[in-house]
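In case you want the letters, here they are:
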Amino acid sequence: MKLLNGKLDGYNPFRKRGLAEKKALWGWFFIAPWIVGFIFFFAVPLVTSFYYTLTTIQISHNGLEFNWAGFDNYVYAFTVDPDFTRNIVESALNIVYQVPIIICFSLFIALILRSEFRGKTAMRSIFFLPVIISSGVVITILQQNVFASGTGEASTLFQTGNLTDILVRSGFGPSFTKIITQTIGQIFDLTWRSGVQILLLLSALHSIPDSMYEAAKIEGATGWEMFWKITFILISPTIVMAIIYSIIDYFTDYSNSIMQMIVENVKIGKFEYSTTISILYFAVVMIIILFVNGILSRSANKAVN
Amino acid sequence: MAMTYYKNKKAGDKALEIITSIVRALFLLGMAYVLLYPVLFLLSNAFRDPIDRLDPTVIWIPKTFTLNNFFLSDQILGFLPSIMKTLSMLIPSVIIQVFICLMVAYGFARFNFKFKELLFSCLLFTIIVPVQTMIIPLYVNFRFFDFFGIGKILAIFNGGEAVTVKLLNTNWPFYLMSLTGTGIRSGLYIFMVRQFFKSMPVELEESAFVDGCGPFKTFMKIMLPNVGSIVIVITLFSIVWHWNDFYLSVMFYIEEYPLSVSVTMLQERLTLLSQNMSAEDMALAESSLLEAACFVVIAPVLLLYIFAQRYFTESITRTGIVG
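One line per chain: the protein sequences are A and B, in this order.
In terms of the working numbering, the first sequence opens at residue 1 and continues consecutively.
In terms of the working numbering, the second sequence opens at residue 1 and continues consecutively.
Chain B with its partners taken away, still in its complex shape:
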């Protein structure tokens, strides 16, 4: 009697398990559809002739594949110069930012000094305060940049006027902010890396110290080679957020914009170029071109993500970025 009861319970469990996994699969597939929908939509529309958009028989796979949308939007926007612009800003900034964040995080994680708690709460404060609240002083700062106050001292030699350099329309605002640990979301990365360092065992550093290795050398030789997973996460974040940055770029560049900003200008430029088109044709062409341009913007980060995705998800679940 007891045996059959047990068996029945087991069978019930199994049925429940199957039902759970079916419901879960359906739910996840539905959600995945919502998440993938815009990407698929872009992919499908970027490669299709604008006329196909009106054809009700065409849902996902276009009847006529075309690269025309890309060529046209390239003519209007000039992808190559803006991509070069983005890369020239992004590559040095990301490298500097990641290194500086590791360094500052190491300082916060392993050393004791006066005001450490106060400074750390200041760091948390920088994460919370959005850059929008101080964008105008920052703008003025880079318009009349005086090398952290040195320009004011040099004013003695300059007839009382501070020596300043105009850094707008160069990549220097981004480099400088990365170099001083205040670049795009630096505070967040410092916080994340600090948590990671704190979870690392101290024994290794102590033995290095006993062997006569100075703190900086310990950091370079012992800590850096062992931070693999967290570095992948913050590098990927850093690349993506620099690539996608809009607000700072629109402020700090004047004529030649990086890709993320120039995409938003497609609409204006198209209006200027095509005044004799009918409104309907115009709207149709516009959305096709816009989708092609958007595809160009997200394709590189998407590719990067597809390649790095395994390390990314693994390291996040393994390191436990929340500590």
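Just chain A, with the same shape it has in the complex:
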């Protein structure tokens, strides 16, 4: 009886609550909308998605019919489908070599935009332009149209024919040459993909107090030393964030071959296979992110401390 009383005491709604408890309740109140959304529009659909991948879906007169199929879809993806394995390896490799380039480029631009010069504001707004435009479908149309047709100038803007010649003649391997020429061919793509990263890095650069550089200058540090010992270390958490953002951004890009497979499979009604591909692809990207985050965050934290 005493125990029950004690238990009831805790739940007495008329009991005067402590301040911390009250604040906790208010906390729940503020995040309540998100919790509902998280359950109904995130967790449940995600689990259902996973369930779909274990079935075959048939469209019948009374809606969709699910037949249990075990891991057939996964087996199909890895052993039968000729495109899947090739595309997923290709995408993963692309992430590995494109992300560092994007990050270096954005860091470089952010550093330039951080310095004082005339027309700084105008330049900044031009470099943030991709954030505004490139999230849309228009950029895909633009990429096809601007660089495929129209004035002759456009197609020669980033032609790399001569460079390939020079590189091959100077004895570089074909794979190295390919990476170089591909990168140059993608300058347009790179600049258009770096908007958000530039923005993140620039705002991190602005949060470094000037007094640090002044102190370093008095100690006689060169600009190069200051970059590696102050700037780079202080913004390294942001660099990790920018890397993760770039990976996700690349992952959800419509021009990505896996993304196209996902959309195409929905179009032909193979919902379960489309979901299987997206879940597998997501798993791969998740592993890459965890790996990158694990390594970089630790070294970034070490550096900051």
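Heads up, a few of these hints could be off.
[Said to hold, decoys possible] Once the Cα atoms are required to be at most 35 Å apart in a straight line, the calculated DSBU-like pairs of lysine-lysine come out as:
id	chain 1	residue 1	chain 2	residue 2
1	A	K229	B	K198
2	B	K114	A	K302
3	A	K22	B	K221
4	B	K166	A	K267
Keep in mind that the hints were calculated from the coordinates and are not lab data.
Source: prediction; values computed, not measured.
Following the hints, put chain B in place on chain A, whose structure we already have.
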């Protein structure tokens, strides 16, 4: 001796400075050209007669200005209805989304409760998982929407069948997802605003609390008026991402599409309309019309950006969205 050395060094510094600024200016101009090129290209081509495209003497400024491309693509696509559609989805969604994100972020930033860390990592997880992985359950969810499970309970009155509503082809999927903090990129905004709230001093809220102001009132009266810069950033992001949204719109609408989706249909519709045209004329007309349509899509966000750009760049550099 020492003096001249010092002077020489100074002169060298100055020369270096000038060279640096010239190199920087050249580099930035080059990059700016790459970034502005597509926009200028659109602008130039949208207003030009298709015949001018073949004229090698015309590079940027067309010989004949024409608005025909716009009229024709409007006839094929019907800009007005699709713009209205976009706006009817966008305006309520953006307002709801921004408010809810501020609220949830405030909850995460200022209150301590059980499982807070766990829930916050769930929030980060929602940023990472793309909507593509769960689009089909979401689609089914809105096709047979049962009010968060209430429909299943109401099934008792409905002869055992869950009461559901078809929300496809309405704006409700977007409203509901914004209302529950899972709209387009809501997770990212919550994260950003939380960082911002954490950097704000607590003294103001504490004094409000001492004066007998409840948490919700504090949030409305003290926090909201002071979040200016971050709200500009996330509102602009939210507007742009709703305006540009393609993937969700193509799933949740059936016949009448918002602008971003209808643009992609230009090609198909044109093919249907002009079967007796030669392939060359067709390709020429098609790219002109497509560019005019693309221009219509990006012009509003571009204008918005030009007007808001000052606040946008300033608030980003000032608030330090990374915290």
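Results for each hint:
1. Between K229/A and K198/B the CA atoms are separated by roughly 27 Å; this keeps the pair inside 35 Å, and the hint holds.
2. Our distance criterion of 35 Å between C-alpha atoms is met by K114/B and K302/A, whose separation comes to about 29 Å.
3. Between K22/A and K221/B, the direct Cα distance comes to roughly 20 Å. Compliance with the 35 Å bound is thereby established for this hinted pair.
4. Under the criterion of a C-alpha separation no larger than 35 Å, the hint pairing K166/B with K267/A is consistent with the structure, at around 21 Å.
In the structure shown, no violation is registered for any of the earlier numbered hints.
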